[in-house]
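Counting from 1, one number per residue, gives the positions in the sequence shown under full-length UniProt numbering.
Check each hint, because a few of them may be wrong.
What the hints assert, rightly or not - Here are the simulated distance ranges between beta carbons:
{"#": "1", "residue 1": "Pro34", "residue 2": "Ala70", "range": "28 to 36 Å"}
{"#": "2", "residue 1": "Asn116", "residue 2": "Glu84", "range": "31 to 39 Å"}
{"#": "3", "residue 1": "Leu42", "residue 2": "Gly75", "range": "19 to 27 Å"}
{"#": "4", "residue 1": "Ala63", "residue 2": "Glu134", "range": "30 to 38 Å"}
{"#": "5", "residue 1": "Leu24", "residue 2": "Arg107", "range": "34 to 42 Å"}
{"#": "6", "residue 1": "Leu129", "residue 2": "Glu51", "range": "17 to 25 Å"}
{"#": "7", "residue 1": "Glu81", "residue 2": "Glu134", "range": "26 to 34 Å"}
{"#": "8", "residue 1": "Gln90", "residue 2": "Gly114", "range": "30 to 38 Å"}
{"#": "9", "residue 1": "Ser137", "residue 2": "Gly75", "range": "32 to 40 Å"}
{"#": "10", "residue 1": "Ala131", "residue 2": "Glu100", "range": "35 to 43 Å"}
{"#": "11", "residue 1": "Glu81", "residue 2": "Ser137", "range": "16 to 24 Å"}
{"#": "12", "residue 1": "Ala143", "residue 2": "Glu66", "range": "28 to 36 Å"}
Source of the hints: derived by calculation from the structure; they are not laboratory data. Note that the structure is a prediction, hence the values are computed from the model and not measured. Glycine included, every Cβ here is placed at the ideal spot set by N, Cα and C.
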Amino acid sequence: MAEPAAFTSPCRPGPHAKGRVMPLLHISMRAGKPQSYRQAILDGLYRAMREALNVPEGDAFMAITEHEPANVRCGNAYGVERSEDALLIQITVFASRTAEQKKALYRRITDLLGENPGIRPEDVFVNVLDAPKENWSVGHGIAQFA
């Protein structure tokens with residue numbers, strides 16, 4: 001189906017984008033933290049993505065899901081002692097990020113969330129999923145990036 005002639009998308013990458021757009025974040029955490037704590041997490045993640053992945057301004061697609069304590073389990077695997085404040089952060093991005101960019105992102109997320117709202121580095125668990133551009137439709141039922 002052809003795109004309407006008048007359609008313009010702020011999410012459509014221009015020649016300047018070079019595959020840097022569209023991270024999608026899912027953050028899982030225990031329920032009970034105040035709104036300011038959750039907002040600090042979203043703000044820190046957005047800032048980390050802007051700095052480490054060159055995400056354009058306004059490209060923020062994030063959701064926090066809170067779970068009752070009985071529905072969350074974070075083990076202490078890999079020599080990391082996690083607390084009840086552990087965050088599980090899953091970031092889906094275009095399959096165009098380098099290993100260096102991802103490492104910088106992990107470090108920046110940990111630093112920023114340590115500053116505010118004060119999350120220990122041991123409690124920041126990040127998983128990045130690479131997805132081909134044709135796997136994304138960000139509105140209007142079209143594949144904007146394929």
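How the hints compare with the structure:
{"no.": "1", "hint": "Pro34 <-> Ala70: 28 to 36 Å", "in the structure": "violated (21 Å)"}
{"no.": "2", "hint": "Asn116 <-> Glu84: 31 to 39 Å", "in the structure": "violated (19 Å)"}
{"no.": "3", "hint": "Leu42 <-> Gly75: 19 to 27 Å", "in the structure": "holds (26 Å)"}
{"no.": "4", "hint": "Ala63 <-> Glu134: 30 to 38 Å", "in the structure": "violated (23 Å)"}
{"no.": "5", "hint": "Leu24 <-> Arg107: 34 to 42 Å", "in the structure": "violated (21 Å)"}
{"no.": "6", "hint": "Leu129 <-> Glu51: 17 to 25 Å", "in the structure": "holds (20 Å)"}
{"no.": "7", "hint": "Glu81 <-> Glu134: 26 to 34 Å", "in the structure": "violated (41 Å)"}
{"no.": "8", "hint": "Gln90 <-> Gly114: 30 to 38 Å", "in the structure": "violated (20 Å)"}
{"no.": "9", "hint": "Ser137 <-> Gly75: 32 to 40 Å", "in the structure": "holds (35 Å)"}
{"no.": "10", "hint": "Ala131 <-> Glu100: 35 to 43 Å", "in the structure": "violated (19 Å)"}
{"no.": "11", "hint": "Glu81 <-> Ser137: 16 to 24 Å", "in the structure": "violated (41 Å)"}
{"no.": "12", "hint": "Ala143 <-> Glu66: 28 to 36 Å", "in the structure": "holds (32 Å)"}
Violated hints, listed in ascending order, are 1, 2, 4, 5, 7, 8, 10, 11; each of the other numbered hints is respected by the structure.
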